[in-house]
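Asker: Same order as they appear, the protein sequences are chains U and G. Under this note's numbering, the first sequence has 128 at position 128, and the numbering climbs by one with no breaks. Under this note's numbering, the second sequence has 268 at position 268, and the numbering climbs by one with no breaks.
Hints should not be assumed to be uniformly reliable.
Reference excerpt, derived from the structure (chain G facing chain U, CB under 10 Å, subset only) [stated by the list, open to error]: (1) N93; (2) A97; (3) Y100; (4) P110; (5) L112; (6) Q114; (7) G140; (8) Q141; (9) S255; (10) D259.
If you are wondering where the hints come from, they were derived from the structure by calculation, not from laboratory data. Cβ coordinates follow ideal geometry from the N, Cα and C atoms, glycine included.
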Amino acid sequence: MKERAGLLAVVAVVLCLTPTSFIALPAVARTQDTQVALSPADKQVVAAFEGRVKEYVRLRDRLGAKLPKLSKDATPEQIEAHKKSFQDSVRAARVGAKPGDIFIPEAAALIRATIKDEFKGRDRAELRKTVLVESEIKGVPLRVNYPYPETQELLEMPPTLLLRLPQLPKQVKYRFVGRNMLLLDRENGLIVDYMLDALP
Amino acid sequence: MRRNLYSLLIAVLLFAGGLAPSSYSQSPARPAVSTGAPLKVALPVKDGSVRFAVIGDTGTGTKKQYEVAETMRRYRQVFPFEFVLMMGDNLYNGESAADYKNKFENVYRPLLDQQIKFYATLGNHDESNQRFYEYFNMNGQEYYRFKKGNVAFYSLNSNYMDKQQVEWLEGELAKDTSEWKIAYFHHPPYSSGGKHGSDTKLREVVEPIFLKYGVNAVFAGHEHFYERLKPQKGIYYFISGAGGKLREGDVRERSPLTDKAFDTDLSFMLLEVVGDQLYFQVISRTGETVDSGVIANQRKKAMTAAK
Numbered sequence: 001m002k003e004r005a006g007l008l009a010v011v012a013v014v015l016c017l018t019p020t021s022f023i024a025l026p027a028v029a030r031t032q033d034t035q036v037a038l039s040p041a042d043k044q045v046v047a048a049f050e051g052r053v054k055e056y057v058r059l060r061d062r063l064g065a066k067l068p069k070l071s072k073d074a075t076p077e078q079i080e081a082h083k084k085s086f087q088d089s090v091r092a093a094r095v096g097a098k099p100g101d102i103f104i105p106e107a108a109a110l111i112r113a114t115i116k117d118e119f120k121g122r123d124r125a126e127l128r129k130t131v132l133v134e135s136e137i138k139g140v141p142l143r144v145n146y147p148y149p150e151t152q153e154l155l156e157m158p159p160t161l162l163l164r165l166p167q168l169p170k171q172v173k174y175r176f177v178g179r180n181m182l183l184l185d186r187e188n189g190l191i192v193d194y195m196l197d198a199l200p
Numbered sequence: 001m002r003r004n005l006y007s008l009l010i011a012v013l014l015f016a017g018g019l020a021p022s023s024y025s026q027s028p029a030r031p032a033v034s035t036g037a038p039l040k041v042a043l044p045v046k047d048g049s050v051r052f053a054v055i056g057d058t059g060t061g062t063k064k065q066y067e068v069a070e071t072m073r074r075y076r077q078v079f080p081f082e083f084v085l086m087m088g089d090n091l092y093n094g095e096s097a098a099d100y101k102n103k104f105e106n107v108y109r110p111l112l113d114q115q116i117k118f119y120a121t122l123g124n125h126d127e128s129n130q131r132f133y134e135y136f137n138m139n140g141q142e143y144y145r146f147k148k149g150n151v152a153f154y155s156l157n158s159n160y161m162d163k164q165q166v167e168w169l170e171g172e173l174a175k176d177t178s179e180w181k182i183a184y185f186h187h188p189p190y191s192s193g194g195k196h197g198s199d200t201k202l203r204e205v206v207e208p209i210f211l212k213y214g215v216n217a218v219f220a221g222h223e224h225f226y227e228r229l230k231p232q233k234g235i236y237y238f239i240s241g242a243g244g245k246l247r248e249g250d251v252r253e254r255s256p257l258t259d260k261a262f263d264t265d266l267s268f269m270l271l272e273v274v275g276d277q278l279y280f281q282v283i284s285r286t287g288e289t290v291d292s293g294v295i296a297n298q299r300k301k302a303m304t305a306a307k
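Only chain U is shown next, with the shape it has when bound in the complex (with noise of 0.2 Å):
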């Protein structure tokens, strides 16, 4: 028990002394950690969550398959072209869809949840700040299955944010417009799916 102590006290004293950037927790560890710390029921929701997503994406994917694929050096025609065929064949495979079909109510509280607990006190301020006053986003239609229009800028996701919401695949991405959460396709620019009032 003495010997097991000390051992204890040999190894606080090791970290003391050990260089912070040694100890930093990458922040994958900090994410896994976080999603460790899910309980039951929300795991439950994240999994219902993930799969809706999931069920886009296989969706987009097939309707992407039948395009002509896009080179890795396209041109700017064959870019907009691409781009335009893509929401064609999404906005017609998707017509009946509505705002929280993926955004399902428990999932988006939970984000809403996460995201309170990610920025408290100056730092919600400052987030607020970024996406209501800095952001000239005007003119974004909180509608599903429309394009994003491509002359608004894409507000940043706060990085420490996005490690701690359910994970994407690459496909779709989150994004803020004003106080609102989109989720939105990376390469046709669709508008998948929106939760209102996801910053508190």
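Position chain G relative to chain U; hints supplied.
Answerer: Same frame as chain U, now just chain G:
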């Protein structure tokens, strides 16, 4: 009388055409600009060195962007840089085929014709599809690495620093044995800008990784000025976000972060890596040198000091 009227009409049309913004967007012709300052190169221009330029926040298609491009072209005659890093906001207010041409291709045509490669990163005004664009050399990726000589370059997507990207960055840096590691992306982890300022949330995630794996220098844009920050935790940070837009007077006075700043005109950077030295020169739209210097490779310096 009628002939005089026709002459007057033609003169008016020509004059109006010359002033219209579309004259820049439709014609790749070089504007007559006052970029006549004598060329002064503060870089060694050594054989075998890695020579490149940095521009940021360029995509306006305005006369001033053309003027910066023209000054870059002139400087390339005396400092033959091989490629250009782009700090994002490559296309403002639209991403149509015409926008790519008017705000990039036509502007930098003289450099593109000299086979100068541009390596872009995405800004908050850029759509992800730019990663497919032939002249941005992103190879279909939002974040990527490439190597020139003894320098590894990491182009990151600071709009969306998610878990996948963080894991990729750590994985690549962990196995990278390059002498120099340079990261560049749009949002500055440190900044004295009045409008935006330091991106502390981004810094919280990327800086520990940079420190752990020995990234030497970081370049960013977003702020529409030039700033050389005081080294932070041993890393050199630069902001070069005035390649096409200027936020005049935006650098906070007496900022404790600033080593040198320039916010009264557009600018770009020229850089040269010679062994364990990184030389830099910052040039204004009109060709004046507004900053220059050299930094030593921190790891080499530490190793030498330890001996």
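Asker: In ascending order, which of the hints set out earlier in this document are inconsistent with the structure?
Answerer: Per hint list: 4, 5, 6, 9 and 10 violated.
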